[in-house]
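Trainee: Now for the letters of each chain:
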Amino acid sequence: APAAPQGTLTWGLSLSLTSTFFDPGETPGTGAPLLLQYAQHDAVIRPIAGNPSGLSLADKLEQSDDGLTYTFTLRPNLRFQNGDALTAEDVKFSFDRYRGAGAKLLKDKVAEVAVLDPLRVRFKLKEPWPDFLTFYGTTATGAAWVLPKKYIEEVGDEGFKKAPIGAGPYRLKAFKPGIEFNFEASEHYWRKTPNVKNLVFRYIPDPATRLAAIKRGEVDFAYALTGALGEEARRTKGLTLKTANIPVTNFIVFASQYDEKSPWSNPKVREAADIAVDRKAINDASYMGLARESYSAIPQAMAFYWNPPQSVYDPARAKKLLAEAGYPNGFDGGFLHTDASDQIGEPVQSYLAEVGIRVQLRPSERAAHLKQVAEKKLTGLVLTGSGAPGNAATRLDQFVRTGGSMSYVKDADIDTLLDQQSRELNKEKRTAQLAQVQTLLSERQRFLPVLEYAFVIVTGPRVGVDGVNLIPDNPYTGPYEDLTIKPGQ
Amino acid sequence: MSALPASAAVPAAPRKARWRGLPYIAFAILGVFLIMALGADFIAPHNPERAALSLRYLPPAWVDGGRAAYFLGTDHLGRDVLSQLIFGARISLIVGGTSVVIAGVLGTAIGIAAGYLGGWFDQVMMRLVDAWLALPSLVFAIFLAAVVGPSETNLVVILAAVYWTRYARVVRSEVLSLRERDFVRLAIVAGASPSRIMARHLLPNVANTAIVLATLMLGSVIVTEASLSFLGVGVPPPRPAWGLMLSDGRKGLMAGYWWLTVFPGLCIMLVVLAASLIGDWLRDRLDPSLRPLS
Amino acid sequence: MSEQINSITGTSDAPLLSVTDLGVAYDGGRIPVLSGVSFSLAAGRTLGVVGESGCGKSTLAQALVQLLPAGAVRTGGRIDFNGRELTALPETALRDIRGKDIAMILQDPLSSLNPLLRIGTQIAEVSQRHLKLPRRSAWDRARELLASVRLSEPAQRLREYPHQLSGGMRQRVAGAIALAASPKLLIADEPTTALDPTVQVQYLRLLKGLQREHGFSMVFITHDLGVVANICDEVAVMYAGRIVELGTTADIFKTPAHPYTRALLDSLPRIGERAGSLRAISGQPPRPGQVTGGCAFAPRCPHVMPKCREASPTLLASVAADLSLDSSVASSVASSPVPSSPASTATTRARRSLAACWLTQVPAEAHA
Amino acid sequence: MSALLELRDITMHYPVRGTRNVVRAVDGVSLSIQPGQTVGLVGESGSGKSTIAKLALKLQEPTSGELRFQGESLKGVKGRALKPFRQQVQAVFQDPYASLNPRLRIGETIAEPLLASDERLSASQRAERVAEALAAVELPADVAQRYPHQFSGGQRQRVAIARALILKPSLVVLDEPISALDVSIRAQILNLLAELQQKHRLAYLFIAHDLPAVGAISDVIAVMYCGELLETGPAAGIATQPRHPYTRMLFASVLTPDGDQQAWNTAEPVGEPASPTNPPSGCRFHPRCPEAIARCRSESPLARQVGDRVVRCHLVT
Amino acid sequence: MLRFFYTRVGYAVVSLFVLTLTVFLLTRLTGDPTLMLLEPGASAADIAALRTRLGLDHSLPVQFWFFVVDALQGDFGTSIYHGMPVIDLYLERLPNSLMLAGLAFIWSLALGLACGVLAALYANTRWDHAIRFVALGGLAMPPFWLGMLLVLFFSVRLDWLPSSGDGGWANFVMPVITLGWYFSAAYMRLTRSSMLEVLSSDYVKLARLKGLRPWTVIMQHAFRNAVIPVLTLAAINLVSMVNSAVVVETLFAWPGIGRLLYEGISFRDFPVIQTTVLLSGVMIILVNLLADLLSSALDPRIRL
Ligand SMILES: Nc1ncnc2c1ncn2[C@@H]1O[C@H](COP(=O)(O)OP(=O)(O)OP(=O)(O)O)[C@@H](O)[C@H]1O
Ligand SMILES: Nc1ncnc2c1ncn2[C@@H]1O[C@H](COP(=O)(O)OP(=O)(O)OP(=O)(O)O)[C@@H](O)[C@H]1O
Ligand SMILES: [Mg+2]
Ligand SMILES: [Mg+2]
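Protein chains in written order, with the numbering used here: chain A, 1 to 489; chain B, 1 to 294; chain C, 1 to 368; chain D, 1 to 317; chain E, 1 to 304.
Because the hints were derived from the structure by calculation, they are not lab data.
Since we're looking at a predicted model, the values are computed, not measured.
All C-beta atoms in this analysis are idealised placements derived from N, C-alpha and C, irrespective of residue type, glycine included.
Heads up, some of the hints might be wrong.
Here are some, though not all, of the chain E residues that point toward chain C, as calculated from beta-carbon distances under 8 angstroms [claimed, not checked]:
1) 197
2) 201
3) 203
4) 206
5) 208
6) 212
7) 221
8) 225
Produce the complete structure using the sequences and hints provided.
Mentor: Below you can see the structure in the form of structure tokens.
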């Protein structure tokens, strides 16, 4: 028998955890809840150990040739953390109950979910949808996480949020919203009994404090230490600095590009801004060179990524372009909305100022910022980014398609192409169509991409298996059940 | 208690035996900052908002690796700390000064009117003052800032809205006692109208209190402003405000970039110190009972 | 000079209290407030100290117990009390004397009682400290003391706080505190100024009664000539930090020797007299530090002589100022020398008053 | 002859903070002042003298009763309508330090009534009037430029008198104008007041503790005790032949330096002054009165004219 | 006495009302809360439904009435970010803040009183100057700066103390010092001046005249009286300490209500901001009321 779980690992988190994250049915479309979900829940199909859409609770997937049905067979003897059996009913229940990000899209495409027997469940689509697994089976939505039907019906949604039960490796032990979450290894997990008995997730808002905490060994993981703090962590003996390979790009949305009165409606101005920013310098300063300079809103690692021409930092030409556009003395570019924890806003603002584009920085906390972005009421420039997994198409749907959940772009040509590709089953054609979209984006200067962000993870000396990059596209450390504490620590 | 010296057995009356040079030093400090604030454009060696990432984290000139051109070093974006401090003085003093003045004028006027007229006006105003004073200034300011959003003008309005109540309370209680003073009674007997009494008899007599209060308040206001910046609801970046510099500099603290926090903190402390020294001094100075007879 | 002073008080043996040439200055010694103050007081007698506000009466009282406020320093002289030189004693020894042998009553009975302590505590702590009584008996004694100052229901009063008593009652409590350790000398600094006339008379009667009973000496400070005339054996008239006249009550009020004393008495309205014809003293008293050379009263004195402006007179045997101090004559008198020769006045021998005035003092040879 | 100022059955009760009780500072007081006359008001501390002064100056509305000036009721008169009264009635208060606005020059303080009055005067005319007023109180004209803190108490009181006189009023209310002054200065001010009264035919309401001083300046003396007027009558008579037991006790308590020790030997006042918050039943003086009878305890005597006096006592007939 | 009680309570109620009204109106100024509560792109029908659910379809006065009624029942709305009743969040964090403030209170009072008394007793000596200089510096030092310097020194340089979070006693040290610093400087000054005033009072003079020992004079007569204004201020400060802790709690990641407010601001979580602010005010008004009533019951002079 495997050794009983032992010891405690503690995280110093950069984001505030909340009980709304407990319910994958309400996944907001950001990466944050994954932090808990990987511990608490398990999905039919999900990114797992090297596979972006790996089977987890299911051990078999049958796909019909017409691309209309997907049948999952669950592993036998699955149990929730309270000991209840996990069956196909729960899978269907979870899907039907799902109302988080992408729910509408998913439900529009899925005609029916049928429970064939306690271990088999069949998804029937209305029309062929090549991205079904990308949506259902990755973390682009949270629909594949399986929740206990019986329990939820018993305690209700509110009750569930207070005492959530899942099928994941760790059971919630105690939580103080916004402060600390405690998890305990579950003995019912199918994959294995976790190595570490307790996980503690602590929200430490201030990055300097996070660094101090890990230096003193108060936490074993510290996330998002950038700039000077990252350098200091790198210098500190015993600490390991890593970056998660995640498809996160930071790019600036020209929120006012369709406002005739705004200078941003002029593509020349947008181009000028593009070449006024020295991406490399920013990478070095903020991410210790760990990030990648970026020229597209789509991450390079994503399927259907098209490699755009790289703009060259050239402030002189930027000034010239501005003059040509009728702004020889620069102009007032409104706000630059950013996420407060962000490292890029200030240097970008400064580079823009250099060529005469004056913008005012407007930082808000990450969650608030995302919310504002999604509300689409912002003007001027919006520095945003996305770590949502998926492929180029899902990204484009979100950020580029007219009416996309975070899209400030309204481009009919692009919309047409996006519609076409979404029904295209031929991969090559689809690749071409998506490349076309990305070309248009680049030509029409719809965005100002800056960096592919580095999610810096600092691990302390006690950590054995740190879980960094073990789950594809997951910025956090996981799978939690695989983490270990170094012996003798 | 045998260790007590004889002087402890007969403690000194609170005579003003303070070192006379102190107010001059305070004035000098404030003067230097004022000059910095006014002449920032000419004095500052660099544009405070201009980043040069290649020059990040230069230490002060006298430390190894420092450069004379960046006397107090540079921050995480390579901006000159000294220039930021100089421009920061402008924000601190302007935001602080203006809000203290606005709060003072408003609070004094309301305090005089409430104290002298009494009645419903007094009741309404004082209940408002009570209620508003019940909010800790920083919390109230944060709340207002969250409501109206950050900008320098908003900040002035916020700070004035938070601090006028203090003047109103103090001035009112002073007016209540002045109102019972014989010279006010005699002015009534002489036939002076209420507005005349308020303007000519009460105002000049509470002016000192208000001025002293203002200097003492200047310190709190500057600290509050810095705290707001620190919490991210103050002057929006990249305006070089001291509080903001501290907040940014905190990240460098752990990495040993002490100059990013030590200098702005020192500036705030010096200004506040100078303001409160001047306040103390003015209080002694303006108190006619302490003025030498000629 | 001290013999002369002693001779006034009529004591041949050593007096209880004797002050010699005492000087006090404020502001670390810069502003002289008392200078050349000398007097003595025999056991069981009462000395009244009168003078206008600011002439140094309270400073004198504080100097007597060696408790000058900060900034004030003794610039000279000595104080002898009960055979010991107070001015040479260390603080600890003085502490044993204060409250025990010398007690004091202050002007404002409300502010001199601790608002947070019960009356009983404030009285009892004196006998606990000086008579080494245990707490219980100290409280018993406190009750007796309250009864002796004729406070009704003393047992209940002990448990009350100062603010619950009226002004007159508080002053009686202050009296009880003063008497708690049976002092030999009681210094009362304007104890009745804050009291109403009817209450004042009651209190003064009480004090005199207690004095008769316990035999302590008293230095009674006031600016009210009427009070002094009624309760004191001897009087010291102070002006600008000096004693300008010292003598028995009868002498000073019947035959004042100093023009200031005389003028003060004359300026008081009498029943039946109408305002408009009161004999006012012109000018105003000097502030400390303003006094220049010469007699401090010279600027206001109707009989001022050139010499008065040059040198300050000392306290010497004097004749009565047998002068018309009518204000109409004052100005003419001021410019011309005094008509009558002081030495020739027959009353000189009978008086035992000393005055600091060039005009009225008996020349040394005449005295001899 | 109609009275210049008349208080008719005036009562002033102050509420006591936080309780239902009131301070009966003044109760049923009637008093009139004839033109050119000095009415002296005496009584112990807290007996209501200053309250009377404030009421007479219309700084306060009485709880009940009315104030009449030159035969006309001032009840409810406010604002501009009060101007004639304000010009005619001025005041000097006890504390010479509190009476002058420390922020105004002496000249400005003295000119204050001129500015508030309806007289339209040029600056130079005003300066002239100020100089006149200063001369009247025997102060040099150049003090107009100075500030109050540069003056002694006596000088300030002169300034206060100058201000009171600048509008040439017919009545001046003097609330303890000499109490805060040094003994040697009191006679100066009393003389000055008497002289000014002669010159301008002023009426005074003169309040003081100092009984001989009140006697010296008053034509009529009114004796207050615990908010009530116990005896009113010609000055000479009251001082020498008091009718009310309290008046007798009060005058007997005066200690004079005359050396006869008469008061000392005769007077034995008893008890404590009554408190206006909680006045005794019946005659308020009865607990201290050596002659009190049973009736005094239960029934409050009414003010009655007895000879040239108005007395409030059951025993005086 | 009863009347005094009623007026004081009456004033407090009116103040509470004005406070609530202020907070209510200011929050409404920020715009329609539905848009913050709904997922982006919600339909007009959804918005209308939510508005009805939240009672936003009523007029302002009616809304205010509901707000007050709900608040009286302890319902302060639901946190947008945490999706749970704000009052639960608040109560969860309150003990942490109270503990921090309580310790800071004790430390600041002890230090302030001790130094203040010493400064007064040794007035105008080197000791006095040193204490006053430190106090002045303390008043001028922004708390977050002090906190940073402490972290720099004790956590970074010396590695003695944990830099953040709650846990053992060591976690308390720096937050308590930082939070208490300003207050202890204030108490120091107040104690000194109050002590000097009392020392020059007549009753202390009389206590000396009684020949009492210096220790008795100082403790029994002077200190007892001098400490009253300091304690009064401190009682009121105890609550404002809880609230002034925003900066300190944020700096040291202390899970109290100060940080709750900070997070509320960061997340634009208006129900949280509104509730924290309102409850701060309520606490202060209530404590002031209590202090008033208590002091009227305790101080023999105020008793009526
Ligand atoms: N602490 C002090 N520092 C400086 N000068 C002082 C101080 N205390 C008193 N004086 C001055 O010393 C002089 C004498 O004061 P003192 O109190 O002895 O007078 P007094 O005769 O008792 O007056 P009063 O009748 O007003 O009580 C006064 O002019 C006063 O201004
Ligand atoms: N504004 C007020 N509010 C409440 N009580 C008052 C007020 N003014 C005076 N009193 C009370 O009324 C009573 C009479 O006061 P008043 O000042 O008229 O006495 P007074 O005779 O002038 O005394 P004194 O001789 O001390 O000046 C006192 O008990 C006083 O406390
Ligand atoms: Mg005195
Ligand atoms: Mg009075």
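Trainee: Quick one: which hint numbers does this structure break? Sort them smallest to largest.
Mentor: Result: hint 1 breaks, nothing else.
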